[in-house]
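> Sequence:
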Amino acid sequence: MSPRIEILSEKKLIGKHIKTSLANNKTSELWQSFMPKRGEIQNIISSDLFAIQVYNPTYFEAFNPISVFEKWATLEVTDFENIPIEMESFTLSGGLYAIFEHKGHSIEIFDHIFRDWIPNSKYDLDHRPHFEILGAKYKKEDPNSEEEIWIPIKEKL
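Here this note's numbering is used: the first residue of the sequence shown is 20, the next is one more, and so on.
Because the hints were derived from the structure by calculation, they are not lab data.
Computed from a predicted structure; not experimentally measured.
Backbone N, C-alpha and C define an ideal beta-carbon position, used for all residues, glycine too.
A hint or two may mislead.
Unchecked claim - The list that follows gives simulated cross-link-like pairs (lysine-lysine, BS3-like), each with its CA atoms no further than 27 Å apart:
1) Lys31 with Lys159
2) Lys45 with Lys31
3) Lys156 with Lys175
4) Lys45 with Lys141
5) Lys31 with Lys156
To be verified - Cβ pair distances, simulated, as ranges:
6) Lys56 with Asp130: 29 to 37 Å
7) Gly154 with Lys56: 18 to 26 Å
8) Ile102 with Arg134: 37 to 45 Å
9) Glu100 with Leu176: 19 to 27 Å
Let the sequences and hints guide you as you build the complete structure.
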C-alpha cells in the first residue's frame, strides 16, 4: 500500500483532548464526550472529523504501550472567535505528510506504516502531530469503514 504525499497547509481546529496511552486507551471516552457537543462549534469548514495524536519527541524511539500521548477529537473551523465551553483550539501546523487511505480496522495499517513503509521509503518520521480524517465513509467499528491516515514525514538526509 503506497501513500500519496502532500504538503498540508496550517489548519484551525476546535475540540477536546485527553492524555492517554495504548495500554490504557481512553479514545472512546474522548469521542463520547466530544460528539454530543460538536454541534456547538461555529464556522465549521466541513463535517470531517480530525482525530489527532500529539506524541513527545522520543515516543517512537523506544516504543512502549504505556507511554502517554495527547489525543484530540476536533472539527476544522475558519477561526477561533467562538470556542464552546469545555473545548479548546488547536492549530495543526502544516508540512509534508504521507496519506494512507484505509478501509477496515486501522491497527494493521499502523504496523505496515512504521515497520515497512517508512524504513523502506525516502522519508523519515517528522515530529509533528499525526492524525486521521474521519469523513463521510467512516463508520465506527464497521469493517467497511474508510478513513485517511496522515503521517508527518521529512526527506531522509
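> Against this structure, judge whether each hint is valid.
Hint by hint, here is what the structure shows:
no.	hint	in the structure
1	Lys31 with Lys159	24 Å, holds
2	Lys45 with Lys31	24 Å, holds
3	Lys156 with Lys175	33 Å, violated
4	Lys45 with Lys141	34 Å, violated
5	Lys31 with Lys156	23 Å, holds
6	Lys56 with Asp130: 29 to 37 Å	33 Å, holds
7	Gly154 with Lys56: 18 to 26 Å	20 Å, holds
8	Ile102 with Arg134: 37 to 45 Å	39 Å, holds
9	Glu100 with Leu176: 19 to 27 Å	41 Å, violated
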